[in-house]
Each structure stands twice: as C-alpha cells, then as structure tokens.
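Engineer: Residue strings, one per chain:
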Amino acid sequence: MSLSLFKSPFLRRLAGLLIAAALLPGAAHAALKVFACEPEWGSLAKEIGGAQVSVYTATTALQDPHRIEARPSLIARARSADLLVCTGAELEIGWLPVVIAESGNAAIQASQPGQFMAARQVPLLEKPAVLDRSAGDVHAEGNPHIQTDPRNIARVGEALARRMAELDPAQAAVYQARWKDFSTRWQAAIARWEKQAAPLRGVPVVVQHKGFPYLENWLGLKQVAVLEPKPGVEPSVGHLARVAAQLQATPARAVLRAAYQSPRPADWLSQRTGIPALALPYTVGGNDRASDLFGLFDDTIEQLLKAAP
Amino acid sequence: MLRPAFLAAALAAAFPAHADADLDALRAELKEMKSTYEARIQALETRLQKAENQSADATAKAEQAAPLPQPEPARSNRFNPDVSLILQGRYAHLEDLDERGITGFFPVDAHSDSGRGFSVDGSELVISASIDPYFRGYLNAVLEDEEVEVEEAWFQTLGLGHGFSIKGGRFRSGIGYQNEQHPHAWDFATNNLVYDVLFGEGYGQDGLQLKWLAPTDTFLEFGAEAGSGGAFPSTDRDSNGFSSVALFGHAGGDVGTSHSWRAGLSYLHAKPQGREFAGSDINDVEVVGDFSGKSRTWLADLVWKWAPNGNATEQNFKFAAEYFQRDESGELDGDLSGPYSADQSGFYAQGVYQFMPHWRVGYRYDQLFRGEVAFNGADAGVTLASLADYDPRRHSLMLDYSPSEFSRLRLQYTRDEAQQGIDENQYYVQYIYSLGSHGAHKF
Chain A
101 MSLSLFKSPF LRRLAGLLIA AALLPGAAHA ALKVFACEPE WGSLAKEIGG
151 AQVSVYTATT ALQDPHRIEA RPSLIARARS ADLLVCTGAE LEIGWLPVVI
201 AESGNAAIQA SQPGQFMAAR QVPLLEKPAV LDRSAGDVHA EGNPHIQTDP
251 RNIARVGEAL ARRMAELDPA QAAVYQARWK DFSTRWQAAI ARWEKQAAPL
301 RGVPVVVQHK GFPYLENWLG LKQVAVLEPK PGVEPSVGHL ARVAAQLQAT
351 PARAVLRAAY QSPRPADWLS QRTGIPALAL PYTVGGNDRA SDLFGLFDDT
401 IEQLLKAAP
Chain B
75 MLRPAFLAAA LAAAFPAHAD ADLDALRAEL KEMKSTYEAR IQALETRLQK
125 AENQSADATA KAEQAAPLPQ PEPARSNRFN PDVSLILQGR YAHLEDLDER
175 GITGFFPVDA HSDSGRGFSV DGSELVISAS IDPYFRGYLN AVLEDEEVEV
225 EEAWFQTLGL GHGFSIKGGR FRSGIGYQNE QHPHAWDFAT NNLVYDVLFG
275 EGYGQDGLQL KWLAPTDTFL EFGAEAGSGG AFPSTDRDSN GFSSVALFGH
325 AGGDVGTSHS WRAGLSYLHA KPQGREFAGS DINDVEVVGD FSGKSRTWLA
375 DLVWKWAPNG NATEQNFKFA AEYFQRDESG ELDGDLSGPY SADQSGFYAQ
425 GVYQFMPHWR VGYRYDQLFR GEVAFNGADA GVTLASLADY DPRRHSLMLD
475 YSPSEFSRLR LQYTRDEAQQ GIDENQYYVQ YIYSLGSHGA HKF
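Going down the list, the protein sequences come from chains A and B. Per the numbering used here, the very first residue in the first sequence carries number 101; after that it's consecutive. Per the numbering used here, the very first residue in the second sequence carries number 75; after that it's consecutive.
The set of hints was computed from the structure by calculation and includes no laboratory data. This one's a predicted model, so the numbers in the text were calculated from it and none came from an experiment. C-beta: ideal position from N, C-alpha, C; glycine also. You may find that some hints are simply not true.
Label-pair restraints from in silico Cβ distances [unchecked claim]:
1) B:ILE240 - A:ALA229: 36 to 44 Å
2) A:GLY236 - B:GLU360: 50 to 58 Å
3) B:ALA227 - A:LYS227: 31 to 39 Å
4) B:PHE238 - A:GLY236: 34 to 42 Å
As a list, the in silico EDC-like pairs of lysine to aspartate or glutamate whose alpha-carbon atoms are at most 16 Å apart [claimed, not checked]:
5) A:LYS310 - A:GLU190
6) A:LYS295 - A:ASP399
7) A:LYS330 - B:GLU479
8) A:LYS310 - A:ASP237
9) A:LYS330 - A:ASP232
10) A:LYS133 - B:ASP291
Just chain A, with the same shape it has in the complex (with noise of 0.2 Å):
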C-alpha cells in the first residue's frame, strides 16, 4: 500500500481508530520479554522470535556466567519478562535464585512455563558419580556447558519453539515458521561444519576449564589434559608445569580456552610447548565473528582447523 494513502486526514484518522479497535479486544500484540542468561540462548530466541519478542541478554561472551552477580539491574529485567531462558544445571546457582526470588515476578518462578532451562533438554555428559566439593566445582546435574555442540543448540530450539507458542499463541505459527527456516538452515549448517571439522576427529587437545565435553563430542576431540587442576580452580605454576611434561608424553595440538578465561595459564604453556593456544568464542560475542549463532560456529570450526594435521 501507498503511504501516500495516508496523508489524507481522514483516512489517517480511519487509519488510527482501526488500530485502536485492534488494540482494543487484546489483540493487541507486545513483544514477547525474553530474560535470556547467556548470550546463545539470546541468539536463539531471537532467531525463532524475530520481531515478536524484545531479547535481554543479561550475561556477555566475556563474563564467566558462574559468576556473576545478582545486580540490581539483572532484577529489574527480570522483574518484567515473560519467559526466562537460561542453561540451568546449576550453571547460574550463584546469582539466578537471588534475581528470581527478588524479581516479584510469578511468571518466571521455578515450574512456571515461563522458566525454561537449556539444559533439560539436552542429555548431559560428565555427571559426576560422587559428589564432592573437594572435587572443585562440580554440577550435580552434569556438565552445564553444552552450547558448544550445535546438535544441542537445535535440541534446545526445538523446544524453546514450542514454549514460545505456548506463552504467545497468538504468535505461535510465527515461531514455528521461524523455527523451522532456522531449523533447516541450522542443519545444513551442521552437515557443512561436519564436513568442514573431518579432519579434527581424533586430534588431541588440551581444555583450559572442563567446558568443552560438548564439543570435543560432536567432533571427535580427543581431550588429554585439563589445565585447571580441579574445575573452577585456577592452575597453579606448578601443575602447569605437570600438564607440560605430560604433553611431551602424550604431545596435543592445542589448548582450548573460552574467551570469558583468563588467557594466562593457556599462553603460560603454549610458550612452553609451542602448542598453539585458541580463545574460542565459546558463545555469540565471543570475538568479531561470532556475532550470532552461525558465525559461532563458524569461527570455532576455522579457529580449530589451525590445529588440524
């Protein structure tokens, strides 16, 4: 239609009372307010989303989302969202129950649909048989960590699909429709990044934290050393000395790190065994490229292939 249509003053007051009368019987439609934890799971809301809802990313790819803080802006966002997406496995134990429990808002308590958790919808791997703090920090659950397979992002989007229609029937066949363009695209990205990633299976690297179990799965990484002595525990200059005799031994082609981590004990043993250290980006923001779910990917794929044979 013509905007020139809409000059006319009585067409555009025509105009005005026909959106009044939409608005008036509720049809009218606000934005669905996704709280979102971490950065990825923005990406997708968004993604299935688009136009219909208002996305707040409350953590970025270089927070450690174990710990932040339960601040006062973190509780006034959620205070007014519809559906809360986090990763859940007790990733974000030590501020997320505070932000909930202050928000007053009863949409987003546990239980509620508008409280969906990532992590219940993937199978985890690295449950831990005992748990035990002297064990580091540990997730009860499994390992929290599983943006990093991009078989778990489609998992996860699956279901977020249905939970968004679920909160905004009158949106949903807009989800399913986005859901299902990203969907496709998503699994032809998938094959393309497989195809790409052929030559990692098998290679041997070294993970700075316990968070990339995901990854190393779908490729086929093989993980021979961990720098940090017990999960969440910084490693000291001693057992990264220990990790760098070990790796004449059983020699790997690089150390993983997420781009949240301090880039010390990585580069520490990269000058020390001329083993090439990557800052994946572990999440969407995590550098330049990553700039959505796509790039994420396909910058830690490229990044990875460096370390190819």
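Guided by the hints, dock chain B onto chain A, whose structure is given.
Structural biologist: Showing chain B alone in chain A's frame:
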C-alpha cells in the same frame, strides 16, 4: 491384504454372469489379475521391509555415534531443602581492657564480640526451599554454646506477581545495605561502628514486609515493614500493635558493562519501652536503667562495584558507604531518671579490591558523631561518662584469601578509637567456611 479380495468382489459384482462360458473366462481373467496383484504387493512389501531395516540401521548407527543418555527427570531427593552450614572462627590479638564500649552511645546488648585469643563464632545453619508453588521458606539459625538463636525464619510469596512480594516471620529488615548480610558475608572480620551502635549486628523484624519492584529497566524497589520490634533500638512492648515500622527505597543499575551501583534511603521508627542500658557515671560507678520513648533512624546507603567487562573473576572493586542519623527522645528510668534526647549520626565507608584471583585487600573507615545528647535539660556527659562528648572512630585494614568460593581466610588490623581515651591496635585472623549448598549472595 484385503485389497485384492475386495477388488475381486467388486469386479464380480460389476459383471453380472450372463453365460457360464463368459463366467469361466472372466474367472480365469480374475484369477490372473489376482495373482499379478498379489505378486506386486509382495514385491512392494519386501521393498518396504528392506527400507525399514535400513532406517533402523541408520538410527542404530546414529545412536552409536552419539552415545548420549536421555534427559533425566529431576531426582526426587531434590525435594530436600538446600542446607548449608557456615563455620566461622577467629584469633584475636587485643589489649587487656576491663571493658570495651563506644563512648557517646548507648550500648546495644546483642552479639558482644567474642573475647581475646582463639574463639569460635556462631555457626550458621541455613535451610531453605520452595514450600509449594506459592511460598519459599528460609531458616537461619546460629548455633552457639548452650543456645540456638533463630536469626531468621520466614516465608516469602512467589506468585503474587506485578513486582510484589510479601515476607513474614522473623527476617533481617530491608533497611540500609549491610543489614541483610550475615557476618559471614561481611567484608571485614568485625562489624562497622554504624551497625554496632544502631543494631548490634543487624536489625531483625518479627513481622511482615511488603516489597514492590517497579516495572522499569532501572532497578526501583520500595518496601514497608511492620514488626513487634523485639530488637534494639526497639523493644517488645507486649501489645497487639506494631512498635517498629520501617520504610525503604532502593535504586540501582549498571553504567556500561563494567560498573554497577545501588543506592538507598531507609527510615526506621521504633517505640522502645523499658529498653535497658548499662553505663558508668563520672565516678566510674556502674549505672543501669531503661529508656522509653521514640527512636527514629534514617539510613542512606550507596554501593558501587566495578569489574572489567563485568567479569569479576580476575579483578574487581567494591565501594560501600552508609550514613545514618538517629534521633531519640523520651524518659530514662532506673538509677537515673528524667527526660532524655539524643540526635546522633555517623557513617562508614569501605573499599575492597580484588587485585588478583582469590586475593582481596580492603580498607574501612568508621566515624560516629555523638551529637547532641541531653539528660534532664543538660548535656548527658555531665552525668554519664559513657555518654561523654566524644566522636568514636575506627580504621580497619584487611587482606583476605579465598581458595574457593566456599572458603576464606582473613587477616585484619584495626585501629580502634571507639572508646574515649583508648587507642587500641587490634589484630584478627579469621576463617569462614561454607559447607553444603551455599545459596547465592545478594548484590
């Protein structure tokens, strides 16, 4: 399978038999058709079976490639409440003083600091869980020799929505900043002078709290509390009404990704009746009595935190300051009796800097202003040495090391000038250990 038979029947019905010869020919034809159909269907079935087998193989292969267990439903033992226990203790190197007090202020008879040498502070037992979809419950009990003190025992609504929540029972009042923190969450081994003279440790209400969070992107929270006022500066009045009312408002937000803040203004109104005190007169003779009247406290607080890119793991800085103004008026009774009024104020300001992972250093300055304190129409210092005109202050310097988020060891030096005529150097070594599912801390 039914199809060929059905087809035959239909054909038979469609061709009425005129002659036997015709009929025989037709029968033969039908038979042939039937067998052809059957052969074709059989071929199709074999192909289908083959395809099914192939897809089953593919699934099996896919499952082999990703040997992942299925998502597990939440375990039943998750119904158990979260339990955590905090162990705290310290070694204090203090001077040998007959008594410690804060000159110019009525003492609060609450947790008096443990003495010199090695001592175990109260162990905090915290139990919390969702009660049902509508309520959450929380208990904080401090275990000490021969006693268990219930610091907090409350329920909080979960499902009111629209930013509202109601808390009821015994809870730490939402006034000020440090008030809701238990000692294990303090940044220093000792309390600051402000909370020392205002509440002893922190102000607890036995009553109800209504909070409302505004639907804005900037954090704006308002709260009102009414309680029976069992704790200093209030007293239990043995009445049906409320003798303690608190109002507070907090605002907060982020500045860029590296800075965040919260500021607040609070008011506490209490009507103590027969609030006991002990002091000393100018001849150093102990004086006991009680105070009845009104007590009004204003508190302003500000917290500013910095962490590069919002990632506090490596380095971070926290600044906190609170200012109070309290005015009390009423009657003293006991060894001394007569009208009493006090208009007093004070503040503390502290900075804590994590300069590398696990290590923090902090400095705190506490300053009280004794202000106007009148008894029987004259300055109270004329009658009571413990209310002499003196502005107490304290400097504290601390260094702490946290091997993990569940343990902390702290060294502290305090220059204590809280009591007139005494400048004391205090040294503390403190440990704080947290066992079990230690809940998240507030900002």
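Engineer: That 36 to 44 Å hint for B:ILE240 and A:ALA229 (C-beta), does it hold up?
Structural biologist: At roughly 42 Å between Cβ atoms, A:ALA229 and B:ILE240 fall inside 36 to 44 Å, so the hint holds.
Engineer: Keeping to a limit of 16 Å between CA atoms, is the pair of A:LYS310 and A:ASP237 held or broken?
Structural biologist: Satisfied, since the Cα-Cα distance of roughly 10 Å is no more than 16 Å.
Engineer: For the pair supplied as a hint, A:LYS330 and B:GLU479, confirm whether the alpha-carbon distance does not exceed 16 Å.
Structural biologist: holds, 13 Å
Engineer: Regarding the pair A:LYS133 and B:ASP291, is the alpha-carbon distance no greater than 16 Å?
Structural biologist: holds, 12 Å
Engineer: Mind checking the alpha carbons of A:LYS310 and A:GLU190 for me, to see if they're no more than 16 Å apart?
Structural biologist: Between A:LYS310 and A:GLU190 the Cα gap is close to 15 Å, so the pair holds against 16 Å.
Engineer: A range of 50 to 58 Å was offered for this pair. Does it hold for the Cβ distance of A:GLY236 and B:GLU360?
Structural biologist: Taking Cβ atoms as reference, A:GLY236 and B:GLU360 lie about 54 Å apart, which means the hint holds.
Engineer: Within 16 Å, alpha carbon to alpha carbon, are A:LYS330 and A:ASP232?
Structural biologist: holds, 12 Å
Engineer: Can you tell me whether the CB distance of B:ALA227 to A:LYS227 sits inside 31 to 39 Å?
Structural biologist: holds, 35 Å
Engineer: Is it true that B:PHE238 and A:GLY236 lie within 34 to 42 Å of each other by Cβ?
Structural biologist: holds, 40 Å
Engineer: Are A:LYS295 and A:ASP399 close enough, with their CA atoms no more than 16 Å apart?
Structural biologist: Given pair A:LYS295, A:ASP399 holds - Cα atoms ~15 Å apart, limit 16 Å.
Violated hints for the displayed structure: none, as all numbered hints are satisfied.
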